[in-house]
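**Q** Please take these sequences and the hints and turn them into a complete structure.
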Amino acid sequence: MLITKLKDREEIISFFDLRPFVFKCFGCKEVYFPEEEVDRLIEDNRNKITGIARVDYLCREEFSKVYIEKVSLEIERSGGVVVFSCGVGVQVIAKLLEEKKVLAGCDTYYLNGFQGLSVQDFNCQQCGECYLNYTGGICPITACSKGLLNGPCGGAKNGKCEVNPEMDCGWELIYKRLKKIGKEEILKKKKVLVRDYRRIITEKPVVKE
Amino acid sequence: MSEIDYTKYRLKPESEIRETFKEVSSIFIISCKKCYKEFEIEAEPEYDKLLELLGEERSKISGCAEFDFLCNSYLTKKKLTDLDISNVETIGVISCGIGVQFVAQELEGKRVLTLCDSVPQSGNATSVTGYHGISLGLEKCAGCGQCYLNITGGICPVIDCAKGLLNGPCGGAKNGKCEVDPQVDCAWEKIYLRLKGQGRNLPGEVKLRDYGKFKVDERNRISLFTQTRRMQNFYGGLYPLERKEETENLSIEAFPEPEHVVVFLSQHTGSPAHSLVKPGSMVKMGQKIGESSGLISASIHASISGKVLSIEERIHPSLLKPSLAIIIENDGLNSVDSSVEPVSDLENVSKESLLELLKEKGIVGLGGAMFPTHVKLCPPKPVDTLVVNGCECEPYLSADNRVMIEHPDSILKGIKIVQKILEAKNIIIGVEENKSGAIGKLKGLDSSPDVTVASLKTKYPQGAEKMLVKKLLDRQVPEGGLPLDVGVVVLNVSTILAIYQAIYEGLPLIQRVITISGEGLKRKGNFLIRIGTPIEDIIDLCFDGNREKFLEEYQIKMGGPMMGILQEDLNSAVIKGTTGFTILRKYPVEVSEERECIKCGRCVEVCPMELYPLYYAYYGKKEMWEEALKYNVENCIECGCCDYICSSKINLLSFIKKAKRYAYNKAKG
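Residue numbers (the numbering used here), protein chains in the order written: chain A, 1 to 209; chain B, 1001 to 1669.
It should be emphasised that the hints constitute simulated quantities derived from the structure, not laboratory data. Do not rely on the hints blindly, as some may be mistaken.
[To be verified] Once the Cα atoms are required to be at most 25 Å apart in a straight line, the calculated DSS-like pairs of lysine-lysine come out as:
(1) A:Lys7 with B:Lys1215
(2) A:Lys5 with B:Lys1630
(3) B:Lys1288 with A:Lys208
(4) A:Lys208 with B:Lys1621
(5) B:Lys1022 with A:Lys179
(6) B:Lys1110 with A:Lys176
(7) B:Lys1649 with A:Lys208
(8) B:Lys1621 with A:Lys95
(9) A:Lys7 with B:Lys1207
**A** Structure, rendered in structure tokens:
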């Protein structure tokens, strides 16, 4: 899941010099979008903007097109468009309003569990060649901070990662899980895995026109 | 426009699957029905493909289970416990990496194998990372935490440049195409052209990317926070903007007396009352003008004194179809009917007489469902707990809140009457914590020890009976059942007040407190209003703007914005179940512009009844109601969460209502 945080106040305030139009996306409704803070910022600069639209799912181009149409006059009069949404929303608006200066009011972060649907403790980097069969269902790419595929780096202390002591060592978790199901010999037998980064290029998702 | 199929996995290559199967003697398959794709077919082809590919070896498969949204930890956990797989040693999972990892964790001790590879999701780019929004569009966001779009004309260099360069092109592009993947445009060339078109320059100075900006701990913290929040009180639900601040501090005031009232004969669950008056009759305030008919029904009373003008059909605000109503013209005298008399010698009145009185006074549930109270309080099963519902979880509404703040003593007296009738041992008043004033007042009451006030975390729809019973008593109302089945009766606080008024003041249900709030109003507030007051009167008093254009630019819902019923006909009127009116500006995109379902799964995540609303729309569009029934539509409480969250703006509730009607007719035969 993508969540947003407002950019620095000074930076946002400088946007108002453009006499912009403002899009506020409350989008997927769980983005912790600080709507009230934005409202206060806008209220303080009310006379500097040409209009404002509160919308949802700005990332869906077909909706954004309709929104833009509805407020086309205000956008035309503006010196730019400020978008408070995740990075996807900003890019969609920028694409649809190619001639306009489109600015992002937020920085975007992601949460664990995305690209699945729910917020979870797991991540999937969609590497295209799943290693979970050799690792007891624990992903070495996301659970190991170094993304190592052939075992622990040796830097873990008391089961904690040397990069971030808050984090469990992914490979220790893998070892324990495999031991539990009596399959730890996999670790000895399997040849070293090498990640094939080319898959990112060769196995792209299907684009339908 | 171009759309991406974001299906997140595909079967592993044949050789790899064969190798996997060589090692195992028996395997149980769990497969996920995918997400973020055009929702066209229900059966996913992977399992069949697997069978085909296995040939003889397919006999090793001991069983198969299909899941919608395998990564939905709560629902999947439940379903996994239901599966009979205790003897299974090896599980094969067809899903993306998240699903596999989740199953492996849940079924620790079993060998969990993946039969799939994820499909790299970088979309229009060559870079590793990138998340799509709730869309099937091409744009991606890396969630880097320091957005560069402001200096790059809205084209993301992190995602769109194969090398993720932040300070300009690498120089390797040929004819505008990337050297890493000649199918892809050079992002920096696109950035240059976009900026040039706008008369802007390429960024001079660039902030380095701070990979440590979004720290792992912080990400984990927010993830945990989100998971906790979502599971708070119950699974699903939402946190819509409450907007209660506009009316929560406004005292209850009397709504101006209407010139005429429209009193519907059907203001309750069950059969409509039949009229006791004729056009031309003179009636007094509180006089019974409709007699209840049948076991589940309620009486109707005149809310003003005056002359009956006609008995005609009007559009019912809740049934939304023509329904008989008695139209009374106000004579302005407010002469009270002789039947309006407090009960004397209350101490010695029997339980039966109290029930008869509530029936006579036309008391029904005021939370919206309008179930006759005398029927509810005469349960066929033993009841040990009375739950008084003061949650009022709908945004904008604060009528119940004001009732609790202004009439706490009456509520307590009302509770005592119900306690006497039900002989319930425990009484819990459940109030959401955003109503601290009401909680304070109720806690301050000098009440007997068996009445407790419970403060609940605010979450929509906490006020739904089943959610409330689960949270307060940890009792699970069975599917298709009532709180009664677990020994609980739930009454709304306003109903309690009506009970108090019926017994202590002899007043039938001819008025109630409602909230009028929303946008474009010159007056908002909590009003004591006569049943039958036309909606027109409300618009006239409260709406600030061109009255002619009201229905064009605004919408009015009876109730709150979530569960409220859209009113098209302003000749309709306030009924007993009216909790308020919410007036909102019409949305920029109309419902008619709904799009195809993209299986984003949000409706499943917010459904507090743990249903799969997407299927109601999927089968509903094809009129395949029989199929829709398989997804337990009768359990739906119509809270509207799915409808609210739908990223394709599909009017899910309308499909649900149709499916329910089909189920109802089917049961009736």
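**Q** Against each hint, give a clear statement of whether it holds in the structure.
**A** Hints, one by one, checked against the model:
The straight-line distance between the Cα atoms of Lys7 (chain A) and Lys1215 (chain B) is roughly 17 Å, inside the 25 Å bound, and the hint therefore holds. About 42 Å separates the Cα atoms of Lys5 (chain A) and Lys1630 (chain B), which puts this hinted pair outside 25 Å; it is violated. For a cut-off of 25 Å, the pair hint linking Lys1288 (chain B) to Lys208 (chain A) is broken: about 66 Å separates their Cα positions. For the proposed pair Lys208 (chain A) and Lys1621 (chain B), the alpha carbon gap of about 24 Å is at most 25 Å, so the pair holds.
Straight-line distance between C-alpha atoms of Lys1022 (chain B) and Lys179 (chain A) comes to about 21 Å, which keeps the hinted pair within the 25 Å bound. With a C-alpha separation of about 13 Å, the suggested pairing of Lys1110 (chain B) with Lys176 (chain A) holds against the 25 Å cut-off. The straight-line distance between the Cα atoms of Lys1649 (chain B) and Lys208 (chain A) is roughly 22 Å, inside the 25 Å bound, and the hint therefore holds. The straight-line distance between the Cα atoms of Lys1621 (chain B) and Lys95 (chain A) is roughly 33 Å, outside the 25 Å bound, and the hint therefore fails.
The suggested pairing of Lys7 (chain A) with Lys1207 (chain B) holds, with an alpha-carbon distance near 14 Å, which does not exceed 25 Å.
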